[in-house]
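Using the hints, position chain U against chain B.
Number of protein chains: 2
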Amino acid sequence: MSGIGVIATLRTQPGKETEFEGVFAELAAAVRANEAGNSYYKLFRTGETGVYKVLECYDDDAAVEAHRASDHFRTLGAKLGPCLAGAPEIERLPAV
Amino acid sequence: MSGIGVIATLRTQPGKETEFEGVFAELAAAVRANEAGNSYYKLFRTGETGVYKVLECYDDDAAVEAHRASDHFRTLGAKLGPCLAGAPEIERLPAV
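Protein sequence lines, in the order shown, are assigned to chains B and U.
Take the first sequence: its letter number 6 is residue 6 in the numbering used here, and every next letter is one higher.
Take the second sequence: its letter number 27 is residue 123 in the numbering used here, and every next letter is one higher.
Excised from the complex, chain B in its bound form:
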């Protein structure tokens, strides 16, 4: 097995949860449809209101870079930004 896992923790502005979830659903669909190097991309709630975690997996570093550079990530990321209370916290995990 190989690959790179990512746990991204996102915190929304109060009251922006529904808008955030809607835009994120578009982003997740675009990632899965367009990124051959992505094998997992799913949004979860946590026990804390407005705090979400995205579990992600990519084939390699190039696939992570392709994700960040993609049109859909740039466009939808710009729409997510105003929903968020600060920068996402990103944990990168090498697959075993």
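Since the hints were made in silico from the structure, they are not lab data.
Accuracy of the hints is not assured; some may be wrong.
Selected chain U positions facing chain B (Cβ under 7 Å, derived; list incomplete) [said to hold, decoys possible]:
| no. | residue |
| --- | --- |
| 1 | G101 |
| 2 | E117 |
| 3 | L139 |
| 4 | F140 |
| 5 | R141 |
| 6 | T142 |
| 7 | K149 |
| 8 | L151 |
| 9 | V160 |
| 10 | L189 |
| 11 | P190 |
| 12 | A191 |
A virtual CB, placed ideally from N, CA and C, is assigned to each residue, including glycine.
Same frame as chain B, now just chain U:
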């Protein structure tokens, strides 16, 4: 979308990393082969030696319970136990 995500953090005894990874590979194969309600189960390293995270996803609570009650989880879990330095830390995340 629905489901239940799990982030399990496991810490091995020093020097037990290779044995742990070998048994875990058997467990992951058994989970994916036998659990219809499991959609993701993958082991990652972290930045800290001997600390691993498992990213998991299940269809529902029943699928999580089926995982814990399965023969492969009980049998291989018993083989993993002596490799670990303490109980796993489990974070449960409702899918959006």
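Outcome of the hint check:
1. G101: 4 Å, holds
2. E117: OK, holds: U:E117 within 7 Å of chain B, min 5 Å.
3. L139: Cβ of U:L139 sits 4 Å from chain B, so the hint holds.
4. F140: For U:F140, the interface hint holds, since the closest Cβ of chain B sits about 4 Å away, which is under 7 Å.
5. R141: Hint on U:R141: holds, closest Cβ of chain B at ~5 Å, below 7 Å.
6. T142: 6 Å, holds
7. K149: 6 Å, holds
8. L151: 5 Å, holds
9. V160: 14 Å, violated
10. L189: 4 Å, holds
11. P190: This interface hint holds because 5 Å falls under the 7 Å limit.
12. A191: 5 Å, holds
Violation of the numbered hints given earlier is confined to hint 9; every other hint is satisfied by the structure.
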